[in-house]
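Asks: Sequence:
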Amino acid sequence: MASRYDCTDPDGLLTGMRLARAALGRGELVVVPTDTVYGLAADAFSASAVQRLLDAKGRTRQSPPPVLIPGPPTLEALATEIPQQVRDLVDEFWPGGLTVILRAQPSLDWDLGETRGTVALRMPDSRIALELLQEVGPLAVSSANSTGDPAAMDVDRAEAMLGDSVSVYLDGGPIAVRDGVAASTGSTIVDATGLSTGGKLTIVRHGVIPDDEIARVVGADLLT
Numbered sequence: 002m003a004s005r006y007d008c009t010d011p012d013g014l015l016t017g018m019r020l021a022r023a024a025l026g027r028g029e030l031v032v033v034p035t036d037t038v039y040g041l042a043a044d045a046f047s048a049s050a051v052q053r054l055l056d057a058k059g060r061t062r063q064s065p066p067p068v069l070i071p072g073p074p075t076l077e078a079l080a081t082e083i084p085q086q087v088r089d090l091v092d093e094f095w096p097g098g099l100t101v102i103l104r105a106q107p108s109l110d111w112d113l114g115e116t117r118g119t120v121a122l123r124m125p126d127s128r129i130a131l132e133l134l135q136e137v138g139p140l141a142v143s144s145a146n147s148t149g150d151p152a153a154m155d156v157d158r159a160e161a162m163l164g165d166s167v168s169v170y171l172d173g174g175p176i177a178v179r180d181g182v183a184a185s186t187g188s189t190i191v192d193a194t195g196l197s198t199g200g201k202l203t204i205v206r207h208g209v210i211p212d213d214e215i216a217r218v219v220g221a222d223l224l225t
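For what it's worth, the working numbering labels the leading residue of the sequence shown as 2, then goes sequentially.
If you are wondering where the hints come from, they were derived from the structure by calculation, not from laboratory data.
Virtual Cβ for every residue (Gly too), placed ideally from N, Cα, C.
It cannot be assumed that every hint is accurate.
Distance windows between CB atoms, simulated [what the hints assert, rightly or not]: (1) A221 <-> A23: 46 to 56 Å; (2) E82 <-> D12: 39 to 49 Å; (3) E136 <-> D213: 30 to 40 Å.
Given only the sequences and the hints, what does the whole structure look like? Please build it.
Replies: Have a look at this one:
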């Protein structure tokens, strides 16, 4: 049976984080608030945990989850061929609502699905998420919802969709909706893998960071 903890209360936060760490260590799933939507998290280095995440959402291996990380140094450890434009974007928008697709380090011992040698990385602007990431390391995190439904903006909605497929729900309160952005809008996802071969940066998903802000940093001529 799933457990839920009020992380706006210091005692609830302490207990919830301890049990979330333990659940992730056992290959189980945890729901955690981020700065954009609630996320469904699994140990990124446990293939069975990642498969459990995909099953809970009703997704296939053709839709691999992004990986949340605690900071830019982890970007260097997980990705290779990091262009200067990506470093500029990270400086501007991390922590925050930007996910960057890069070539994964070939030595990584993980299985996120059909990634074709890439990984989607983000550092969230969320105290609870960052504290968990700093304690347990990179997490495969997808929006906390059943595939086809809007992403959860509060833990009640996440629990209604995911139920007992999740071991621990960390309740950080409702996610604030940003001005000019619809509720349940996730991070902006950009594919930077083409930059290293003379290509351009591609916006894969239009999210909380406007396209013109991406263009402002990298230059409109490098954006598709």
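Asks: It remains to establish, for every hint, whether it holds in the given structure.
Replies: Checked hints:
no.: 1; hint: A221 <-> A23: 46 to 56 Å; in the structure: holds, 48 Å
no.: 2; hint: E82 <-> D12: 39 to 49 Å; in the structure: holds, 45 Å
no.: 3; hint: E136 <-> D213: 30 to 40 Å; in the structure: holds, 36 Å
The structure agrees with every numbered hint stated previously.
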